[in-house]
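Undergrad: Using the working numbering, read the sequence shown as starting at 1473 and increasing by one per residue.
Everything labelled a hint here was simulated from the structure, so no lab data went into it.
We put the beta carbon where it would ideally sit given N, CA and C, even for glycine.
Treat the hints with care, as some may be off.
To be verified - Capping the alpha-carbon separation at 27 angstroms, the derived lysine-lysine pairs in DSS-like fashion look like this:
#, residue 1, residue 2
1, 1530, 1556
2, 1552, 1594
3, 1614, 1552
4, 1670, 1540
5, 1556, 1629
Claimed, not checked - Label-pair distances were calculated between CB atoms; the ranges are:
#, residue 1, residue 2, range
6, 1574, 1611, 31 to 37 angstroms
7, 1570, 1644, 32 to 38 angstroms
8, 1536, 1670, 18 to 24 angstroms
9, 1520, 1614, 38 to 44 angstroms
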Amino acid sequence: MKLITPSLLLPPISLFIDLLQVDEWILEINETYTKQTLRNRYYIATNQGIRAMIIPIKKVNGSHTKTKDILLDDSAAWLKYHHKTLITNYRNSAYFDYYEDDIINIFSHYKKLYELNIAFIKWILEQLDINIKVSITENYEKQYSIDYIDDRDKYAKYENIQLPYYRQVFIDKVGFISNLSILDLLFNLGAESVIYLKNIIK
C-alpha cells in the first residue's frame, strides 16, 4: 500500500503510526501551496503548553505557487529562533543532545521548503529504523487508485489525536500533550520511539 500526503515539516507522531503499515510514502509537491498548514510548521511542548513553530516562506508565483517552488525566507532569523526555542524547551529531555547537531545541520542546508521537509523525513525514518520508500509526485493527479491512501487533504492543522502517555519535559506543569511533532517523541524516548509506535498498532 502507498500513502500520499502533503510535504510536511517534522510531521506529527500519528503519521508515523500510519507509515509502519505502508510500503511507500509519496509527498505531493505539485499541488498549489496551501498556507497555514503543517507544510511549514510543527508543534512542540513548552512550559506554557503547545506551541507552533513556523518557518517563513516566499511564494515565487504568488498564490499560484506550487509546493515544489516554495522558498524558505532567508531574510528572517527563523533558524536562530527555532534553535533557541528547541534548546529552551528540550535541553532537559533525555535525548535532545544526541539529536541537536543533526537537526540544526539539516535546517541550515536547504533553500526550498520541500527539500528541507524531505531531508528531515529521511533522517527521521532512519532514526526510527522505518524502512520504506520515500518519493515525490511528478505531476498533480486529482485522484488515485484504491492502491493508494490519499491523505493530501489532512494535516491542515494540529490534531489532538489521543495517543498513549510517555514522559514529557513539562508534563508535571501542563500535562501530557498528545500528537506533537515526531521530534518530541525522539527527544524524550530516543531509539525506543519506534517501540512506542509499534505498540500502538498491536
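Undergrad: All the hints need checking, so say for each whether the structure fits it.
TA: Evaluated hints:
no.: 1; hint: 1530 - 1556; result: holds, 23 angstroms
no.: 2; hint: 1552 - 1594; result: holds, 23 angstroms
no.: 3; hint: 1614 - 1552; result: violated, 38 angstroms
no.: 4; hint: 1670 - 1540; result: violated, 32 angstroms
no.: 5; hint: 1556 - 1629; result: holds, 24 angstroms
no.: 6; hint: 1574 - 1611: 31 to 37 angstroms; result: holds, 32 angstroms
no.: 7; hint: 1570 - 1644: 32 to 38 angstroms; result: violated, 23 angstroms
no.: 8; hint: 1536 - 1670: 18 to 24 angstroms; result: violated, 42 angstroms
no.: 9; hint: 1520 - 1614: 38 to 44 angstroms; result: holds, 42 angstroms
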